[in-house]
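All chains should be modelled from the sequences, with the hints used to inform the complete structure.
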Amino acid sequence: DSGVTQTPKHLITATGQRVTLRCSPRSGDLSVYWYQQSLDQGLQFLIQYYNGEERAKGNILERFSAQQFPDLHSELNLSSLELGDSALYFCASSGNQFGQGTRLTVV
Amino acid sequence: AQSVAQPEDQVNVAEGNPLTVKCTYSVSGNPYLFWYVQYPNRGLQFLLKYITGDNLVKGSYGFEAEFNKSQTSFHLKKPSALVSDSALYFCAVRAQYSSASKIIFGSGTRLSIRP
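For the record, the sequence lines run as chains A and B.
Just so you know, we're using the working numbering here: the first sequence kicks off at 1 and counts up by one.
Just so you know, we're using the working numbering here: the second sequence kicks off at 1001 and counts up by one.
Take the hints with a grain of salt, since some may be wrong.
[Unchecked claim] Restricting the straight-line Cα-Cα distance to at most 25 Å, the calculated cross-link-like pairs of lysine-lysine (BS3-like) are:
(1) B:Lys1022 with B:Lys1058
(2) B:Lys1102 with A:Lys57
(3) B:Lys1069 with B:Lys1102
(4) B:Lys1069 with B:Lys1058
(5) B:Lys1049 with A:Lys57
No wet-lab data here; the hints were simulated from the structure.
This is how it looks when you write it as structure tokens:
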């Protein structure tokens, strides 16, 4: 068990909708990293937060946004969803610990 | 720019035989190298990493990896494969002293161990 918790495990939604994915980092870790794993793009870094502040940005679309709250949990918001956004979304906290992921299916 | 390549999409090995999953990298300066494993419908699990020191790194589940600077490789190995090792394996790299967000993952190698 990595200590990183992600909810929900699965999400099915329609195109054009908005969803929120949640991540709680391992106890004591201040960083949260979000990744997208899709069949065609592989595993890509999206964004990092550290102690509530955005620290680094990767290949994150403008339709996507994230935040980290004072209790250090983070939310990844995906809006105006497209079929191509269907993927596995992971978060990780400091120390290479990954959550189980949220599988998003856009129909 | 940094990159990592896993030249084999799939590796098939008989149980009990040694296995190797290949990884080569390109990075400016010294590399930090990682191996992760992903089981079906599960997240990534950290196996091992090379930061500095001994070129042979030992990790979880009996896996080890050898850092070869001249060949810019970091192949994952195990002396005797188990059926339960069947999974998707990712190699990753980032430059020493770079942010952890700069890590680049390979495309993955599917390891299949037949009984």
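Hint-by-hint comparison with the structure:
no. : hint                     : in the structure
1   : B:Lys1022 with B:Lys1058 : holds, 16 Å
2   : B:Lys1102 with A:Lys57   : holds, 9 Å
3   : B:Lys1069 with B:Lys1102 : holds, 20 Å
4   : B:Lys1069 with B:Lys1058 : holds, 17 Å
5   : B:Lys1049 with A:Lys57   : holds, 24 Å
Every hint from the earlier list agrees with this structure, and none is contradicted.
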